[in-house]
Each structure stands twice: as C-alpha cells, then as structure tokens.
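Quick note, the sequences are listed as chains A and B, same order. According to this note's numbering, the residues represented by the first sequence are 336 to 466, in order. According to this note's numbering, the residues represented by the second sequence are 2 to 528, in order.
Hints may be right or wrong, so weigh each one.
[As the list claims (entries may be wrong)] Here are the simulated DSBU-like cross-link-like pairs (lysine-lysine), alpha carbons at most 35 Å apart as the crow flies:
hint : chain 1 : residue 1 : chain 2 : residue 2
1    : B       : Lys-360   : A       : Lys-433
2    : A       : Lys-345   : B       : Lys-514
3    : A       : Lys-345   : B       : Lys-517
4    : B       : Lys-303   : B       : Lys-360
5    : A       : Lys-388   : B       : Lys-360
6    : A       : Lys-388   : B       : Lys-158
To be clear, the hints were calculated from the coordinates, so they are not data collected in a lab.
Letter by letter, the chains look like this.
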Amino acid sequence: LPAQDQPAGKPVTAVVQKIEIQKLRQGDNLILGFSIGGGIDQDPGQNPFSEDKSDKGIYVTRITPGGPAEVADLRVGDKIMQVNGWDMTVVTHDQARKKLTKKKEEVVRLLITRKSLEEAVKHSKGCHPRQ
Amino acid sequence: MDTESTYSGYSHYSGRSRGSHRHGERSRDRHKSRSKDSRSEKSVTINTPPAEPLLGDSSVRGEQVQDDNWGETTTAVTGTSEHSLSQEDIVRITKDLEDSVGLDCRRYVTRTIAVILGLLVFLTPLAFLVLPHILWPEKLQSCGTACEGLYISVAFKLLILLLAVWALFFRPARAGLPRVFVFRVLLAVLVFLFVVSYWLFYSVRILDSQDDNYQGIVQYAVSLVDALLFIHYLAVVLLELRQLQPCFSVCVTRSSDGETRHYNLGQLSIQRAALAIIEHYYCDFPIHNPALLSASKSRAAKHLAGLKVYNVDGPGNNAAAGMAQSQSRAMIAAAARRRDTSHNELYYEEAEHERRVRKRRARLVVAVEEAFTHIKRMQEEEPKKAPGDVMDPREAAQAIFPSMARALQKYLRTTKQQHCHSMESIQQHLAFCITNNMTPKAFLESYLTPGPTLQYGKDHWLGRRWTLISEASVTNGLKDGSVFVLKCVDFSLVVTAKKIPYIQMSEEYIDPKSHKFVLRLQSETSV
Chain A
336 LPAQDQPAGK
346 PVTAVVQKIE
356 IQKLRQGDNL
366 ILGFSIGGGI
376 DQDPGQNPFS
386 EDKSDKGIYV
396 TRITPGGPAE
406 VADLRVGDKI
416 MQVNGWDMTV
426 VTHDQARKKL
436 TKKKEEVVRL
446 LITRKSLEEA
456 VKHSKGCHPR
466 Q
Chain B
2 MDTESTYSGY
12 SHYSGRSRGS
22 HRHGERSRDR
32 HKSRSKDSRS
42 EKSVTINTPP
52 AEPLLGDSSV
62 RGEQVQDDNW
72 GETTTAVTGT
82 SEHSLSQEDI
92 VRITKDLEDS
102 VGLDCRRYVT
112 RTIAVILGLL
122 VFLTPLAFLV
132 LPHILWPEKL
142 QSCGTACEGL
152 YISVAFKLLI
162 LLLAVWALFF
172 RPARAGLPRV
182 FVFRVLLAVL
192 VFLFVVSYWL
202 FYSVRILDSQ
212 DDNYQGIVQY
222 AVSLVDALLF
232 IHYLAVVLLE
242 LRQLQPCFSV
252 CVTRSSDGET
262 RHYNLGQLSI
272 QRAALAIIEH
282 YYCDFPIHNP
292 ALLSASKSRA
302 AKHLAGLKVY
312 NVDGPGNNAA
322 AGMAQSQSRA
332 MIAAAARRRD
342 TSHNELYYEE
352 AEHERRVRKR
362 RARLVVAVEE
372 AFTHIKRMQE
382 EEPKKAPGDV
392 MDPREAAQAI
402 FPSMARALQK
412 YLRTTKQQHC
422 HSMESIQQHL
432 AFCITNNMTP
442 KAFLESYLTP
452 GPTLQYGKDH
462 WLGRRWTLIS
472 EASVTNGLKD
482 GSVFVLKCVD
492 FSLVVTAKKI
502 PYIQMSEEYI
512 DPKSHKFVLR
522 LQSETSV
C-alpha cells in the first residue's frame, strides 16, 4: 500500500538506548556503515530480526566492520525508533534512508531498541527492588 | 451348465427400469427357486439367451405397448420362489422338459395378449370413424373440409404411433429376467383402461344416441390418438429416460480372483441392475481362468495336508467336539510354525515364474516377428505370379503358423491360457490380422493379456445362466447399501451399491478487477 494508505501505527512502549554515530566521509559521501531493512511499504514477514512478524519498523540488517556504526555500538537486529528526533516506526523504507543520509548532518543520534535491553531492565528491576 | 437353446430370442427387453419381467424363463425359475428355498434368501434366475433378433413378423401390426413378453401378468406374478423343497436332482433332470413346455405356453399367452391389445388400440380410432357410416349413414352430416383435414391428422398420427411403438418395444430381447417388469404392466393396464373408457363413452353417448355430428366424432377419434401418443411419451420416460441419470455407484467383485470394477447406474430395480452388470461383466472383466487359482489352492491344501491329528483321549470323549477343538488348535499351532517357510517359497516361486514368463514372451515375440516377415501382401501392379504362389489369408496364415506355433504354445502353457485358445482359433486370428495389415505386436496382443470374456469363443462364456441371490425382493429398486450376488457355475459376482451423494454447490462471484498483486519487497539499503 502507498504510505498514505497505511493503517495508523499503534502506540509503542519500548526500552531504548541512545546511540550517536559520527558520519564518516568517503569521497563525496557521508556514510554511517550499516544497512537498514524494513519499512511500512515492505513485507514484514521476511524480517529475520523482528519478534513480531507484522512489525514494519526499520531494523539494522548489517554492520560494516570497523565502520562508524560498529564503533558506536550499534548491533545487527536493532530496531531504530528515532533518528535525530524523526520517528522511524511508521516510515517507508525510502523515507528512512533519506533521514539517515542528510548531507548537511554530520552526526546522527539514534534511539534504538533491542531485546537484550528489555531483559537487562527486567533483570535489574528484579535484582534491585525499588528503593 | 445347460445350453438353453430353447429360450433363444425371446424376452423382449427394451429399456431398463424398475421391475422387470422376463417371461419365458419363469417356470424354470420356479423350479430352481423351489430347490433353493431352504435359504431365507430369494433366489431367482436370470437367463441371457443369445441375442437373436425378435421374429417381429407376427408383431408388426400396430401393437401399442406390448411385445410378446409380459405374459407374466396372466400367470402368477409374485411369490414364485417361496415354495416347498423339492429334490434338486429330479428337478434338474426334468427341468428342461417342463421348462420348454411351460415356456411355450407362456410365450404364446403373452404374445396373444400383446397382439389383442395392439389390435384393440390400433383399430379403435378407425372403428370410431367407420361405425357411424355403417350404422346410421343417412342421419350423418357429411364430412366437411375441416373434418377431412382431421382424417389426414388421424392417419399420420397413427403412422407415427406405429413407428414409435416399433422403435420402443420391438427390439431383440437381451435377457430373461425372473420377475415382472412392473412399469410395462402398469402401462399396459393404463392403455387398456384408457381404451375401454373411450369405448364406454363412445358406445353410450354416440352409438346409443346415434349422434349425427360427424365432425365431433372425428375429433373424438383424434383425441384418442393424441392421448395414445402421450401414453407413448409416458412409456418413453418411464422405460428409457428415468434410469439414464446415474444415481448409484456399484462395485462389482469377482469372487474367484478379486477382479473389481465400478459402474454408474441409474434408478433401476435390482434385477435390471443385475442385468446391466452382467452385460458389463462380459465386456470388461478379463476372462475367468481357473488354472490361475490352482496355485493358491495347492498352498491351502498343503497347510491342511501336513497335519495329522490324533485323538489321544480315547473314544470315551465327546468325539466330535473334542476332535474339532484339538484339530483346530493343532492346526493353528502348526500353521504358526510353518509360517516361516511358506512365504519364502511363494516369493521365490513367483520370481521364478515371472522370469520364465518373460523369457518365453521374448522368444515368442521374436518368432512371430520373424514369421510375419515371410509373407507380403501382393500388390496389384506386380506381374501375376503362378496361381500356386498366390494365397488367400487363410492359406497364408497356415503357411506361417508352424514357425511360431511352438513358441506360442509354450508361452500359453506358461501363462496357463492354453485352454482358452484352440489352434483353429489362433489360425483364424492370424488370418484376420494378416488381412487387416496388422503388425506382429497387434497379433500378439490378444495372447499377451487376457481379454474380456466376449473375446473368446462361445464355449468360454461360462454361465450364460446366472442366478441372482438377493435378500431384498428383486423388483425393489436399488438402495444405498444394497448387496446382491450373481452366481454363475464357477464363481460369483458380489455387487454392492452406493448412492452418489447429493451435491450442494454454491456460487462465488469474482470481479475480474479484483485480481490485484503487490510486490513482496525486502529492500536493504546501506547508509
């Protein structure tokens, strides 16, 4: 379906982590060193990283070894929730790409979520009862 | 097996429908069924005389509904089978004599009745038209134009009726069935009542009062002929059309070797269905070959023969029960021990047999192909050879037969078919194949695979005499789960009927514009 005909996104609650990536200049391009997959115009069933196969969010599918993303501790399978304040949960693939590759920005601040974050929070909550 | 040549060409059998009556054979059935009466089942005989065309000479006059076969109505219609026991042997010895006498009687009776009814029906309209002229000619109004037009109408309708009756009822009888053909009887009764009621009306209103309106009388006659045509339409629907739509799927299994076929039948009575199945049997089932069953019989005999059971308990025991018990136990025990070896033997025996058959077949094929190369069809343009050299197909067959005879005979012996084919029949078949330019493979086809029973000579049509064994009355219709058995001399056909289910179909409309597709994308972009 085209983007404007997509059903509205549902409210999402997640534990997120902030990751700041410095873009690397390679010739005329600024690269981040990872690949994204997903989007509201893509087929969510083929996403190997999502838990819920109807999740049309943007996921990190590959990390270039030694690239800026790896340095910033971005991992494969992370779901990108925001890029520089722009929402990434209900965007098309192309919109996501554009938000990440703005030529004027040299730094991107991502909010990402991954499963291990949730578990770490649960674990810490369990071990240390509220004080 | 009796050769029932006396029953040939009788039973008019046109169409199939519920209930059937095959006349002539009923006295035979009576005797036979009397002898089988010890069982609770009713057993009636179906006989299938060879299909000679009915000598329609006597029946060419306009018979309305009848052919010669439904004399059963005059004799006892039902319950011929429930009689006391009689000695089977005596019955069989005298059966032919009595049957032929009884048969002729019944045949003549039915014929007579059919002729009478036919004449009555055909001549009634003519009588209606002619009687006023004879009885009160002076009072009668003259026949105007419209009335004379009706004459033509009557004439042509009677002609059409004649042709229609001939087409529907004057067909060679295919079989003799045990019971009355209910629909035919009903139709005959209907026609009779109808004609009688017309006569009644005519005699009271027209003859007595000497009506002078001749046109009215002619119209009355025309209405009679019209109604007779409609009755004929009813006959077509009841006798021919009703059972065309398949309603049941019957499964027919031969008891001797398990050969099974499935057929679709319409709504028929059990005896009509049995007749249909027998006709299919002759065309579809491979010929019954008792020689092929000898292997399993010998195995069974071996199981029993190797056991000797001694009654060690002495004569004081209840001999019969004790014997039976000990025997059965001993047999089961011995069978359990024997199981190890007999299946092994069977396996190797069958493998060996298979190999032998294939070898013989290869030799046969080569021999036949070589034999066929020895003769050639003579072309017209060739210079005429000496008369001694030119052969007709029979002589050509005889000339090349010896070179393949041995291989063929050996093959037939190995596959246990040698009794199905006589040398004469093989030579005839060879001449036939040569005449029709068949290849050796085509010639061999009838020997390599067992064909349907009709393909073989008449003496192989085992059991032109069949017995129908059924728990339900044979004039009842087929029902879901009906089972009956058609018994013949050597084997029997077990028939099970299943109803074709009612099909509920619903409709779903697909808009042609609704066929839309999307790509399943999974792009991966590196940033």
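Original post:
Holds or violated: are the alpha carbons of Lys-345/A and Lys-517/B at most 35 Å from each other?
Top reply: holds (27 Å)
Original post:
When you check the alpha-carbon spacing of Lys-303/B and Lys-360/B, does it fall within 35 Å?
Top reply: Given that 35 Å is the threshold and the Cα spacing comes to 29 Å, the pair holds.
Original post:
CA of Lys-388/A to CA of Lys-158/B, is that 35 Å or under?
Top reply: Answer violated: Lys-388/A to Lys-158/B is near 80 Å, above 35 Å.
Original post:
Is Lys-388/A within 35 Å of Lys-360/B, Cα to Cα?
Top reply: Measuring from Cα to Cα gives roughly 64 Å; hence the hint is violated.
Original post:
Straight-line Cα separation of Lys-360/B and Lys-433/A no greater than 35 Å?
Top reply: violated (79 Å)
**OP:** Would you check the hint for Lys-345/A and Lys-514/B, treating anything up to 35 Å between C-alpha atoms as holding?
**Re:** holds (32 Å)
Hint violations for this structure: numbers 1, 5, 6, all remaining hints satisfied.
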